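Given chain A's structure and the hints, the job is docking chain B onto it.
In the order they appear, the protein sequences are chains A and B. Everything in the first sequence is counted per my numbering, starting at 1 for the first residue and increasing by one. Everything in the second sequence is counted per my numbering, starting at 1 for the first residue and increasing by one.
All the pointers check out, no bait thrown in.
One side of the interface only, derived from the structure: several residues of chain B facing chain A at Cβ under 10 Å:
#1 Met106
#2 Ser125
#3 Ser132
#4 Leu139
#5 Leu159
Not the full set, but computed from the structure, chain A residues with beta-carbon under 8 Å of chain B:
#6 Thr56
#7 Ala67
#8 Val68
#9 Asp92
#10 Gln93
#11 Gly106
#12 Leu109
Derived by calculation from the structure, the hints in this document are not laboratory data. Quick caveat, the model's predicted, so the values are computed rather than measured. Yeah, the Cβ is synthetic: ideal placement off N, Cα and C, and Gly gets one too.
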Amino acid sequence: MREITLSQAVNEAIAEEMRRDPTTFVMGEDVAEAGTPFKVLSGLVSEFGTQRVIDTPISEPGFVGMAVGAAMTGARPIVDLMFGDFIYLVMDQLCNQAAKQHYMSGGKLSVPMVLRTNLGATRRSAAQHSQSLQALVAHIPGLKVAMPSSAYEAKGLMKTAIRDNNPVVIFEDKLMYQDKAPVPEEEFLIPFGVANIKREGHDITLIGTSSMVQVAEKAAEILAAEGISAEVIDPRTIVPLDEEMLINSVKKTSRAIVIDEGHQSYGVTAEIASRLNEKAFYHLDAPVLRMGAMDVPVPFSPALEDVTVPTPEGVAENARKLCAGRMIHAA
Amino acid sequence: MTSKTEASSNADDYLRMYTQMVRIRTFEDNANQLYLSAKMPGLTHMYSGQEAVAVGICEALTDNDRITSTHRGHGHCVAKGAEFKAMFCELLGKEEGYCRGKGGSMHIADQSHGNLGANAIVGGSMGIATGSALRAKVLGHDDVTVCFFGDGATAQGILYEVMNMAALWNLPVIYACENNGYSEYTKTEEIAAGSITARAEAFGIEAFTVDGQDVLAVNELSETLVARCRKGEGPFFIELMTYRYHGHHVGDINRAYYRSKEEEADWKENRDPIGRLRGWLVDQGIATENEIEVMNEQIKKDAEEAVAYAEAAAYPDVSEVDMHVYAATDPATV
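So here's chain A without its partners, still in its complex pose (with noise of 0.2 Å):
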């Protein structure tokens, strides 16, 4: 199979789905010309012109609640958010107005919208620029969080989104835009809420979001060589989250690490560990076990930000004394 970068998954899916529907159109600071600074959409404008890939002012909140407008009259918005950063200045557009409207009419309103936007520390870019927010929008009902950890997710996420009839914030980890990956050249869509076993073990249970997919795959390596056999789960998506493939892999492995890039405390991972031990408590041998990023702002010295997140000798030293019984009450 022809492998791609992230980055032309991402901008594949959104030109697919642009050919499909015409009433999807592409909005965002510089994303036209520029392609974005990541240059992820790179070459649309060319192919749709500036009438459906929209450069906009620096108005976050201007233009996030102009595609919750448009999205509510008959279009379907992709909107881009340069940072994930950013959520803050859009959180009323995104968490007052788009999530809502579906509620608040009785059904009557929907916002078939996607914010694209990223997460992601380590790449010196400081408390501003690195943060990884999902926990924030996970918290709300009536949005859906797509995590995607490589091309193929990447595209396949994307596709569902666009056509989803709710709002989707999608979160790509700005470090993996240049990661390749297997990505099949015939049309394929990722369902949400449909979790991926990316590795089979029977020891310990591994869920990694986004680029912690990785982390939790080089740790189960490392694992694998001391005979440690541990399962990598990737959820995909953290709303709706497939609670049932992760409830049944920790009954079969009685053991989990939740890893994500988010800061630990009231994040993801404490959620996804608060529904293990309330479902999965009797199968359990020891405590479910959260890897989140340190609670700390994003430092810029690469000496102080490369500890603040998961690593995977951290994963696997922790999963070594969960497996161990040695971690019976998590420090």
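Only chain B this time, still in chain A's reference frame:
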């Protein structure tokens, strides 16, 4: 005002405008009673006094044109074509309400008439309205969107973001600023520096100021601007000078600390939009006092019947609590 010959040829339009204004006032009087008699959950914001704004503008629109409304939104909702029964049901949280009781007074939406909904965030629908206009432009539709908001909402930054984009892209949107003199409990002059219309003009948007108590003036201007929007000449900005008869909300009774009873009486007695149109209709020979009384009585009766209906109507089944969180997506498409 319009000449007598024109007046008789447009008699139906004028009578409809009168009827719609009275319907709004009557709806609000009943809603206020429901609050005062503790029959309505929560509270609500009265539109009384501002009827000429909603009616003058909405009479220039078709069902295909969109509006976005505000927390003070009953007037826009009625003016855009909504029915009393479903509105009162919504105010009382009943299943037959426009939003199955899930929205209430501050979130009534009536998609069938192009009302994209009231909004409980001041300025919260400015993006939505401008986005509706962007959709019209991108998809080649010829509908116009009117964004209603109050003077208080001019203090929200998003207004300037979306007016900038609307002007850059010539979007078919009309920003209708209902200046009722008060931003909640504060005089507008204490929250708004400079001129409100000059802010729109700074973006190159043509801005107008109109007497918001004169429904015919509001309607005449709106007809012109809607037609120009359809020709691609938008956006436009209108500041409508009007007055809020009640407090910020129905519970805001003792308000002498921010405005005088004399001021309130002056607007009600000398500038009431309904009284003014009524006098004009009689003067022009379009309707007699007697005919007008008959119309008023009929509307009063309709409202009372709708209130009784809503009071007796069923609440939604509790199983609906987690319905409509997510819209269904046709499985064939994904």
